[in-house]
Amino acid sequence: MSASSYTAPILAADGTPLKKSLSRALRQQKRRALMLIAPLLIFIFVAFIMPIVSMLFRSVENDIVANTLPQTVMALQSWDAETGELPGEDVYAAFASDIKIAAKAKIHTKVGLRLNYEQSGIASLFKKTARKAKKWDMETGGPFKEKLIGVHKNWGKTEIWQTLKIHSSRYTTGYFLNAIDMRKTAMGPQRQAEDKQILLLLFQRTLIMSLVITGSCILLGYPVAWLLANVPVRQANLLLILVLLPFWTSLLVRTSAWKVMLQQQGVINDLLVQLGMVADGARLVMINNQTGTIVAMTHILLPFMILPMYSVMQTIPPTYLRAAKSLGATDWTAFWRVYFPQTVPGIGAGSILVFILAIGYYITPEIVGGTKGVFISNRIAYSILKSLNWGLGAALATILLVAVLILYWAYDKMVGIDNVKLGG
Amino acid sequence: MNVTKTFVATAALSLVTGLVIAEEMTIVSWGGAYSKSQLNAYHNPYSAKTGVTILNDDSSSTAVAKLRAMNEANNVTWDVVDVEAGPAMQLCDEGLAMVIDPDTMLAPAPDGTSAADDFGDMLVSECFIPQIVYSTTFGYRTDLVGSTAPTSVCDVFNTAAYPGKRSLFSVPINTMEWALLCDGVAKTDIYDVLETPEGQDQALAKLDTIKDDVIWVSSGSDTPQLLADGEVIMGATYNGRLFALIEEQKQPVAMIWDGQVMDLDGWIIPTGLSPERQARALDFIMFATDTQRLADQAKWISYGPARASSAPLVGKHAELGIEMGPHMPTAPENLERAFLMNYGFWADYRDDLDAKFQAWLAK
Numbered sequence: 001m002s003a004s005s006y007t008a009p010i011l012a013a014d015g016t017p018l019k020k021s022l023s024r025a026l027r028q029q030k031r032r033a034l035m036l037i038a039p040l041l042i043f044i045f046v047a048f049i050m051p052i053v054s055m056l057f058r059s060v061e062n063d064i065v066a067n068t069l070p071q072t073v074m075a076l077q078s079w080d081a082e083t084g085e086l087p088g089e090d091v092y093a094a095f096a097s098d099i100k101i102a103a104k105a106k107i108h109t110k111v112g113l114r115l116n117y118e119q120s121g122i123a124s125l126f127k128k129t130a131r132k133a134k135k136w137d138m139e140t141g142g143p144f145k146e147k148l149i150g151v152h153k154n155w156g157k158t159e160i161w162q163t164l165k166i167h168s169s170r171y172t173t174g175y176f177l178n179a180i181d182m183r184k185t186a187m188g189p190q191r192q193a194e195d196k197q198i199l200l201l202l203f204q205r206t207l208i209m210s211l212v213i214t215g216s217c218i219l220l221g222y223p224v225a226w227l228l229a230n231v232p233v234r235q236a237n238l239l240l241i242l243v244l245l246p247f248w249t250s251l252l253v254r255t256s257a258w259k260v261m262l263q264q265q266g267v268i269n270d271l272l273v274q275l276g277m278v279a280d281g282a283r284l285v286m287i288n289n290q291t292g293t294i295v296a297m298t299h300i301l302l303p304f305m306i307l308p309m310y311s312v313m314q315t316i317p318p319t320y321l322r323a324a325k326s327l328g329a330t331d332w333t334a335f336w337r338v339y340f341p342q343t344v345p346g347i348g349a350g351s352i353l354v355f356i357l358a359i360g361y362y363i364t365p366e367i368v369g370g371t372k373g374v375f376i377s378n379r380i381a382y383s384i385l386k387s388l389n390w391g392l393g394a395a396l397a398t399i400l401l402v403a404v405l406i407l408y409w410a411y412d413k414m415v416g417i418d419n420v421k422l423g424g
Numbered sequence: 001m002n003v004t005k006t007f008v009a010t011a012a013l014s015l016v017t018g019l020v021i022a023e024e025m026t027i028v029s030w031g032g033a034y035s036k037s038q039l040n041a042y043h044n045p046y047s048a049k050t051g052v053t054i055l056n057d058d059s060s061s062t063a064v065a066k067l068r069a070m071n072e073a074n075n076v077t078w079d080v081v082d083v084e085a086g087p088a089m090q091l092c093d094e095g096l097a098m099v100i101d102p103d104t105m106l107a108p109a110p111d112g113t114s115a116a117d118d119f120g121d122m123l124v125s126e127c128f129i130p131q132i133v134y135s136t137t138f139g140y141r142t143d144l145v146g147s148t149a150p151t152s153v154c155d156v157f158n159t160a161a162y163p164g165k166r167s168l169f170s171v172p173i174n175t176m177e178w179a180l181l182c183d184g185v186a187k188t189d190i191y192d193v194l195e196t197p198e199g200q201d202q203a204l205a206k207l208d209t210i211k212d213d214v215i216w217v218s219s220g221s222d223t224p225q226l227l228a229d230g231e232v233i234m235g236a237t238y239n240g241r242l243f244a245l246i247e248e249q250k251q252p253v254a255m256i257w258d259g260q261v262m263d264l265d266g267w268i269i270p271t272g273l274s275p276e277r278q279a280r281a282l283d284f285i286m287f288a289t290d291t292q293r294l295a296d297q298a299k300w301i302s303y304g305p306a307r308a309s310s311a312p313l314v315g316k317h318a319e320l321g322i323e324m325g326p327h328m329p330t331a332p333e334n335l336e337r338a339f340l341m342n343y344g345f346w347a348d349y350r351d352d353l354d355a356k357f358q359a360w361l362a363k
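Chains as they are written, first to last, in the working numbering: chain A, 1 to 424; chain B, 1 to 363.
Just the calculated beta-carbon pair ranges, DEER-fashion:
hint	chain 1	residue 1	chain 2	residue 2	range
1	A	P246	B	D201	40 to 48 Å
2	A	E89	B	G112	49 to 57 Å
3	A	V285	B	G31	26 to 34 Å
Derived BS3-like pairs (lysine-lysine); straight-line CA-CA distance at most 25 Å:
hint	chain 1	residue 1	chain 2	residue 2
4	A	K196	B	K206
5	B	K363	A	K372
6	A	K127	B	K66
7	B	K250	A	K259
8	A	K386	B	K363
9	A	K372	B	K211
10	B	K211	B	K187
11	A	K386	B	K66
12	A	K259	B	K165
13	A	K372	B	K165
14	B	K66	A	K110
15	B	K211	A	K259
Quick caveat, the hints were computed from the structure, so don't treat them as lab data.
Glycine residues also receive a C-beta, built at the ideal position from the N, C-alpha and C atoms.
Sequences are here, hints too, so could you generate the full structure?
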């Protein structure tokens, strides 16, 4: 058509169509921008995302049994764990061979420690067996069933073999089951023994107490933020420094200070006794329990609530309130119908910050929480640092992470994440 | 250009001096008074002798987890690590600590006794070089316990005679042994009983009788503070902490040498070190765990040297001038009613009992 010659593309100076040339320039610009932030992206990926993912991955990873005891795992496949009968000589022989090889390579204790998380006593059983097995001759040493039972009577119990079989797969749900007070058995997942159920309780307690802490931060922080936003600038700056001051003090110092304040021979109790409000023999118990945790953590997290609220309140023109009142609203109506709705984004931002920080706290509950005020993080710390059960620690952490994401999603649905403002 | 020249010269110079003083090693310990005693008895003399710079890292309480992480990353930055016997065995089992041959790697006693005989039963793991013996025991406020002072560990469970709060560690280790001991189980049977679910219930039932009177603590520094504040009338902590509270801070506190649980603290050398660093670490260990050096540490802290040959050499406290012999957990009169921890048992049952214990605490 002749129209085509009419709409011939406009050419740039070098003869390429302008559209193409422009998009190339834009692409280049984008690439340059990407290259500028690339170091940061790579850094975040390598130093933040990868370690977290690899740590969380441990909650399902269970290579160690299959890698250390390959023949046993193979031989156990044909054994029915539910019959209550001991496996045959082939399984015993396979295990004797595996543990001998493992003992030579000095890796038998690792798998022993792994299985000891599932059944107490396996760690020392493996160690003892490996010491003996090093001297066995695989060709002529049999039958190994009698030999192993001779080393320790537990080799004659089906429980040990069941544990071995259940936890032999390369990927396991075992850690996640343990994290919710259940365990893998030959008969499928079952509840953990009642006197060992603790983790669900701690999850529940962590969520409830974090909500209480967030709530008390809102109650205490709102008036302070309002004051900050409404006094003259000079006084506001001074107040702001007072809010920020705790930030510059070590967390441990602040937590320990609460101990001095709240303990039974502490400042508050002494004062109350001197004033005659409390009898000397009936001093209040305000620490080493949930009260202690809530008080100390509310204090520590308060700035995270005040600052977002303050920055939102600063942007609300005072004329709105005056307008409301001049139109006949009472003080309360003016506040509740006009002022408060505008501060909701600040409350939302502060609440998310405080809540998410609170559920991950562990130092403060450890110091002032006693036995009823500890969080799930304290158990995660125990698994990671003390018992080295990183699988369980990772499972607990994953559950916590997912819980936060779900709450975040719910918050987004109910309030809308666009309504969250950190300022401006 | 002048600036560039200066810069290059400085860089070259620092490179050269860097090479000269490159010999440094990182030693991990607990910090506080304990690290100070090691600094005075081991680190400073060793640096003076060899010119090696020693860097201190106070990470012992999390050493096991950190060593595992370092090992997985193939980047072990620690040369010598101070840990308790239990964690040392755990590290040994995980292959994170190197096996030590006492005959070739440790110094014999001055009279020629081999290191293996000199340390004797203290060599609880093939990776562990014992350094000190410490005890977890009870201190009490002399002014708050009435006219008859407690003399037995079981007085902790006697709330009728000694009303008031007491502090205990919020872990099953030691606590459950004491509960069984005070419930009439013979010392030699305790671990056999604790192995059974009934025995565990028995221990927890005994602890139930004082549960409301206990402040549960997590660190060794908690009880001394609680005692000093009068928050508790008696409480469990390490004997060195109580010594400091009584003798250095002059608090009205005394300690009970009964049913105290003896434990060991010592060194391990991580696996995965380069040959030079390993040789340096072994050289340090050879020096720092000889008879005289172990006795020297007792000048600074009331923990007993792990070598038999060191005991006669223990002298006076370097600053207080107190004769340290009677304050050692290894002194014969203190040993009489002591209780030795069974590491093997706790290696097997720690996780299981910890879950039970925490569930019981949370109830």
